[in-house]
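Given chain S, put chains W and R in place with the hints provided.
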Amino acid sequence: MKILFTARGTDWNAEPDNRFGRGKYFVVYDEEQDHLTAHSNEENVNARHGAGIQAAQKAINLGVEVIISAELGPKARQTISQSHCRLYTIDDSSTIQELYRQYKKGNLKEQ
Amino acid sequence: MKEIVVISGKGGTGKTSITAAFAQLAGKESVIADCDVDAADMHLLLKPDFAEEEAFYSGQIAHIDQDKCTRCYKCKKVCRFDAIHVTDGTFTVDEIDCEGCGYCEKICPTQAITMYDALSGKTCISATRLNNTLVHAELAIAAEHSGKLVTRVKTLARQKTREEKKNLLLIDGTPGIGCPVTASLTGADYAVIVTEPTISGINDMKRVFDLIKTFKIRAGFIINKYDLNPEKSRDIELFIKENKMDYLGQFNYNENFTKSMTQGETVVEYDAALKTELAKMWNKLKSLIN
Amino acid sequence: MKIAIASGKGGTGKTTLATNLAVLCSSGSRDKPTVLSDLDVEEPNSGLFLKGETLHQQKIMKEIPGWIRDKCTFCNRCKEVCNFNAIAVLPDSVLVFPELCHSCYACVGLCPEDALVMKDHPIGELSHYKVNQLDFIEGKLNIGEQQAVPLISKTIDYTKENFPDNSIFLYDSPPGTSCPMIESVKEADYVILVAEPTPFGLHDLNLSVKTMHKVGKAFGVVINRHGLGNDDIEQFCRKERVRILGRIPNMPEIAEKYSRGELIIEIPEIRREMLNILTKTEEITGRWICRENHKTS
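As given, the protein sequences belong to chains S, W and R, one line each in that order.
Under the numbering used here, read the first sequence as residues 1 to 111, first letter to last.
Under the numbering used here, read the second sequence as residues 112 to 401, first letter to last.
Under the numbering used here, read the third sequence as residues 402 to 698, first letter to last.
In case anyone wonders, no lab produced these hints; they're calculated from the structure.
Computed from a predicted structure; not experimentally measured.
There may be inaccurate statements among the hints.
[As the list claims (entries may be wrong)] Below 20 angstroms or equal to it, Euclidean Cα-Cα: the simulated SDA-like pairs (lysine to any residue) are:
| no. | chain 1 | residue 1 | chain 2 | residue 2 |
| --- | --- | --- | --- | --- |
| 1 | R | K615 | W | K395 |
| 2 | W | K370 | R | N631 |
| 3 | S | K24 | W | R263 |
| 4 | R | K460 | R | K615 |
| 5 | W | K317 | W | E342 |
| 6 | R | K658 | R | G453 |
| 7 | W | K188 | R | V518 |
| 8 | R | K615 | W | H196 |
| 9 | S | K2 | S | L108 |
| 10 | R | K480 | S | L62 |
| 11 | R | K615 | W | I252 |
| 12 | R | K615 | R | R644 |
| 13 | S | K104 | S | M1 |
| 14 | W | K395 | W | R329 |
| 15 | W | K324 | S | K104 |
| 16 | R | K555 | W | K217 |
| 17 | W | K352 | W | Y337 |
| 18 | W | K276 | S | E15 |
Here chain S stands alone, though its shape is the one from the complex (with noise of 0.2 angstroms):
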């Protein structure tokens, strides 16, 4: 299973950010191969319009199952239904670690 958080660092200590569309990083966690990836999000953070929608379509590209993000907006969730990926919403945890913990426990809310 791939998972992406959106995230303000690039490593398992990075702080979860709190906007999907123009989250600053997407870190990818690979759970068969146990392997962290970041991929920037700079395109999208200063998109001037649709940041959502191609972030959407970047997760997507990215092959990742799971989606740990803010609240999607409508135009990313049209864009994510399109495809299988499950979408949480972050809770408050510090560190992307923690978050991920959280969501293998079964914390998280399914958006």
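Frame of chain S, contents of chains W and R only:
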């Protein structure tokens, strides 16, 4: 952190006067944002110091390099907005008509066209005379009002609210139902709708309420100029009840709203009776969002 | 003759002026039509004051790209060329977001496989009413639609196609100084700015005046709720050499009539002042607008 946005649908219902009064009552517990960037008036009452100004670019405009242009007419043919003018064989772009789609740039065989970012206003982060922070903006004349400047003001205001460890962000929203309003409502926890008992006031209130429903935000109503048409005021009260929304209170027509404005004061500074009324509404509002 | 009635700030009396002037202009004028268009398409309110018979109603469309799955190779070109991020290319579908689309045709024109074609998408409704002698056209934006400009320009197109050039066209413009307002004053021969004598009103009038200079339009000012607030606005107009066309007093009777959706020219002194505004506009533009005016003067 909670975000309250004040809107009205129709202009001139007293939205900004009431928001400024709430800003006064909230004092240091809140950051204030003026998202009515097309008619930004909050600064006239709160007297901000315009401490941090930042240019705001949004949208693009095409520019034609005359040295590279071969006058092939391709750009003019594809432009759906009639923004490319030809005078005496020279091709130029009309800055007001250009939508910034960039079709001309992509089709130009000699790369004579480049897109540049259009200056569309400025944002300011200020300390007000009430010693709280106001984030406000000014839309450039004839600029595109896409809601992007509204979003920028809100982003800055949220940052400020977090930095200053405040619990509340109070936003003066935008009139209408188009994208600037959508931008001012996005992410809000509560909407205050200021309306008046006139047929246009009610009509616009209903339209903006339909928009709010799509956001699933709770809304509370204030009826201004209640006595102007008590029958219509009762219609509004009924509407609120039917839609199970909150009723925050009402004002009769009162010239002190204008008089206080003429003095450059918020109405709570000018009129003690109105202050009592507004304080009641403000406390009710605070208890509803927590 | 095309006259736009505009204001920097909402709620200053723009619709009141537009509807009352339109009724005055149309009464007695049989040889050329008077056409009032409500271009404040986000919140059209003129219709609340004008009750008439519906002559015509139609949906207003804008064009957006439609995707043809069989032709698409998912090359991503459409997404790349869209400056408005209105297209998302997913592994097995292409999504178009109508609210973000500006109908520029770049994706359709530049798609190497012709896999996108323009199709109509409804954004609002246009209604044409007949109110005694007056033709009243209303544009109304659908809730959730975000761009007012295409609807404004199509409403203006409708009036141009259906009425002779020598008609009196009045436009009730959207408030503000940004693109919807510009779109509605672009074609006007003259603009009447409505302002309130308050600090907010003055601030917003100042912006409107700057806008008029930028778009190069001749204009005059009508002060509404005269007597309220202060006279800073009069001083501003003197200093900026802006012509004041008239002053509508701050009367409870007007506010009450307005609240019920009635015309204020039913009050004799207001009717006189409205005719005055038209006379001044005629003097400045050198064009004939209102027959009744010539009967009374």
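W/K276 paired with S/E15 [C-alpha distance capped at 20 angstroms]: holds (18 angstroms)
Assess, step by step, whether the Cα of R/K615 is no farther than 20 angstroms from the Cα of W/H196, and give holds or violated. holds (18 angstroms)
Take the C-alpha atoms of W/K352 and W/Y337, compute the straight-line distance between them, and say whether it is at most 20 angstroms. holds (17 angstroms)
Given the hint that W/K395 pairs with W/R329, does the C-alpha gap stay at or below 20 angstroms? holds (14 angstroms)
Just to be careful, I want the Cα atoms of W/K188 and R/V518 compared with a cutoff of 20 angstroms; is the pair within it? Satisfied, since the Cα-Cα distance of roughly 18 angstroms is no more than 20 angstroms.
Compare the distance between the alpha carbons of W/K317 and W/E342 with 20 angstroms, and conclude whether the hinted pair is satisfied. holds (17 angstroms)
Would you mind confirming whether the straight-line C-alpha gap from R/K615 to W/K395 stays at or under 20 angstroms? violated (46 angstroms)
Check whether the Cα positions of W/K370 and R/N631 lie no farther apart than 20 angstroms. Measuring from Cα to Cα gives roughly 9 angstroms; hence the hint holds.
Verify the proposed pairing of R/K480 with S/L62, using a straight-line Cα cut of 20 angstroms. Within the cut-off at roughly 17 angstroms; holds.
Quickly compare the C-alpha distance for R/K615 and R/R644 to 20 angstroms and report which way the hint goes. holds (17 angstroms)
Given the proposed pairing of R/K555 with W/K217, does the C-alpha separation stay at or below 20 angstroms? violated (27 angstroms)
CA of R/K460 to CA of R/K615, is that 20 angstroms or under? This hinted pair is violated, its Cα atoms lying about 33 angstroms apart.
When held up to the earlier numbered hints, the structure conflicts with 1, 4, 15 and 16 and fits the remainder.
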